[in-house]
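Asks: The residues making up each chain are set out below.
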Amino acid sequence: MTAPPHLGPAATSLATAPERTGAGLHARRLRRRKMVRGVLLAAFAAFFGIPLLALVEFSTRERGAGGGRTLEAWKAIPQYPGLPEAIVASLQLAALTSVGALFLLVPTMVWVRLRLPRLSRLVEFLCLLPLTIPAIVLVVGWAPLYLWINYFTPRTYQSTPLVLTFAYVVLVLPYAYRTLDSGLSAIDVRTLSEAARSLGASWATVLLRVIAPNLGPAILNAALLSVALVLGEFTVASLLNYVNVQVAMNAIGQAEARVAVAVAAGALMSVFLLLFLLSFVGRGPRRVRSTR
Amino acid sequence: MTSSRATGSRLSWIGAVPFLGYVALFLLLPTSLVVVQSFADAQNRPTLANVRFLAEPYVVSAFGNSIALSAVSAVIGAVLGAVLAWVVATGHPDGTLRRIATAVCGVLAQFGGVTLAFAFIATVGTQGLLTLLLQDLGLDLAGPWLYRLPGLVLVYSYFQIPLMVLVFLPALDGVRPQWREAVETLGGSTWQYLRHVAVPLLTPAFLGALLLLFANAFAAYATAAALISQGGVIVPLQIRTALTSEVLLGRENVGKALALGMVLVVAVAMYLYARVQARGARWLR
Chain U
1 MTAPPHLGPA ATSLATAPER TGAGLHARRL RRRKMVRGVL LAAFAAFFGI PLLALVEFST
61 RERGAGGGRT LEAWKAIPQY PGLPEAIVAS LQLAALTSVG ALFLLVPTMV WVRLRLPRLS
121 RLVEFLCLLP LTIPAIVLVV GWAPLYLWIN YFTPRTYQST PLVLTFAYVV LVLPYAYRTL
181 DSGLSAIDVR TLSEAARSLG ASWATVLLRV IAPNLGPAIL NAALLSVALV LGEFTVASLL
241 NYVNVQVAMN AIGQAEARVA VAVAAGALMS VFLLLFLLSF VGRGPRRVRS TR
Chain A
1 MTSSRATGSR LSWIGAVPFL GYVALFLLLP TSLVVVQSFA DAQNRPTLAN VRFLAEPYVV
61 SAFGNSIALS AVSAVIGAVL GAVLAWVVAT GHPDGTLRRI ATAVCGVLAQ FGGVTLAFAF
121 IATVGTQGLL TLLLQDLGLD LAGPWLYRLP GLVLVYSYFQ IPLMVLVFLP ALDGVRPQWR
181 EAVETLGGST WQYLRHVAVP LLTPAFLGAL LLLFANAFAA YATAAALISQ GGVIVPLQIR
241 TALTSEVLLG RENVGKALAL GMVLVVAVAM YLYARVQARG ARWLR
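Protein chains in written order, with my numbering: chain U, 1 to 292; chain A, 1 to 285.
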């Protein structure tokens with residue numbers, strides 16, 4: 001523990017009367033520390049809280065300088081041209097991405113643990129790589145790939161943003177990998193799968209009915225993180241010319257600021273809610289273990 | 001039994017094929033496209049024209065702006081984040097404050113993009129909550145500063161400070177109260193404790209976090225793009241221009257060269273980060 005640098009007279013007299021002044025020094029230091037902490041906490045709470053409050057405040061303003069409150073902007077969301085479609089697209093992308101990432105990662109990570117431990121470092125490196133390559137750099141590389149994807153998509157689905165799933169799975173890899181890895185470390189994959197295999201279970205049964213249920217919280221965690229990330233994604237969609245909720249929101253911001261801010265506040269609240277749920281999911285099993 | 005095991009292990013690499021294939025196609029291929037095509041023209045003939053473009057004055061100034069913005073926001077984020085981490089670390093280890101603070105920081109560190117830009121426009125923009133409140137007191141906040149580099153520094157702090165808390169808190173937890181007690185027993189003052197124990201111990205962790213924050217700000221795009229709708233003050237916005245505007249003849253792969261430049265800067269930061277991490281890991285665990 002550190003303390004704010006203060007050189008009171010008590011500090012210098014410490015050597016002369018360690019017993020009494022030591023206790024007084026301690027009490028004074030604690031009191032002072034408490035006050036400093038309170039002031040600092042209030043300042044940080046204001047810095048982080050005010051912009052969030054402002055989002056809600058701005059989205060409920062009445063048109064004109066009246067200063068009244070209205071939910072007009074919020075009610076306009078379902079009617080705004082293009083906006084509901086963008087919201088649906090983002091939700092579908094979120095679902096597809098989390099399912100895709102799980103189907104890609106869970107079997108691979110289990111398999112690597114059981115049969116290919118030599119590959120574990122490589123898999124870890126590849127999964128964490130997107131953290132070090134800026135998304136904007138990846139977009140530059142994805143642009144030619146997406147020209148090809150577009151070329152091979154049937155004409156009726158040409159402009160669907162759902163193809164962004166391919167890119168989004170890469171973006172969520174590091175987060176999904178970390179949560180799944182800590183989940184897998186907590187269970188004995190080898191014993192579980194050998195027990196199931198020796199009783200005649202197929203690999204699919206092992207994965208779906210033995211490993212997956214044991215990984216429950218980690219899988220849910222990874223899925224929720226992916227959903228949160230996809231709902232807030234703007235860079236890739238906007239630069240590859242697909243419309244998701246963030247791109248639509250940004251475009252509306254030019255014309256109808258209050259509606260755009262209402263969407264932003266709504267999206268933010270749902271992500272907060274998701275991550276709030278997630279903090280419970282993450283804590284559940286740990287608490288059970290500690291009371292045992 | 002033995003033969004089935006042998007074939008099993010010989011064929012077991014097949015299990016990793018879907019993952020490796022996916023990563024090769026959607027992560028390694030795009031990355032290598034950026035690197036290779038930086039040195040190619042539209043007909044895929046080798047050329048240095050794209051890289052030479054990086055020396056143009058406005059590109060150099062964009063890189064300068066990007067590095068300055070990232071450095072300033074990293075320093076501000078690291079200092080304020082370390083202070084907030086100290087407040088959290090000196091609280092009760094299982095207390096509500098700590099639980100709430102880590103959860104909130106976890107959310108805010110990931111919070112960015114258009115929503116964050118809107119939040120600040122709604123706060124200190126022309127019609128913002130704070131702007132209007134302070135106007136009544138005779139202070140004028142509104143102005144173009146929010147849509148320029150100073151605005152970006154402010155807005156970036158919003159996710160840099162929480163990231164610093166997340167990164168720095170474990171290091172602060174590693175500082176044992178016993179060390180301070182040892183200094184006091186030996187008659188040392190708070191200043192001496194800070195000067196000879198706490199600061200030297202925490203310096204590697206702090207520097208590492210600083211580099212991480214730098215890379216984080218350097219890579220950020222969405223917030224800046226939402227605040228600054230045109231032009232290329234910083235490199236990510238230059239890339240936007242290169243990707244979305246009419247492509248000039250002979251400039252088809254300029255975006256890739258810009259991206260390569262970004263990769264190099266981030267790589268230097270991450271290399272230094274790894275070096276610092278290796279040194280700092282000894283005491284704090």
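These aren't lab readings, by the way, just hints derived from the structure by calculation. Heads up, the beta-carbon is just placed ideally off N, CA and C, and yes, glycines get one too. Careful: at least some of the hints might be erroneous.
[Said to hold, decoys possible] Some chain A residues close to chain U (C-beta under 7 Å, calculated; not the full set):
| hint | residue |
| --- | --- |
| 1 | 12 |
| 2 | 42 |
| 3 | 64 |
| 4 | 65 |
| 5 | 270 |
| 6 | 273 |
| 7 | 274 |
Asks: Check each numbered hint from earlier against the structure, then list the numbers of those it violates in ascending order.
Replies: When the structure is compared with the hints, numbers 2, 3, 4, 6, 7 turn out to be violated.
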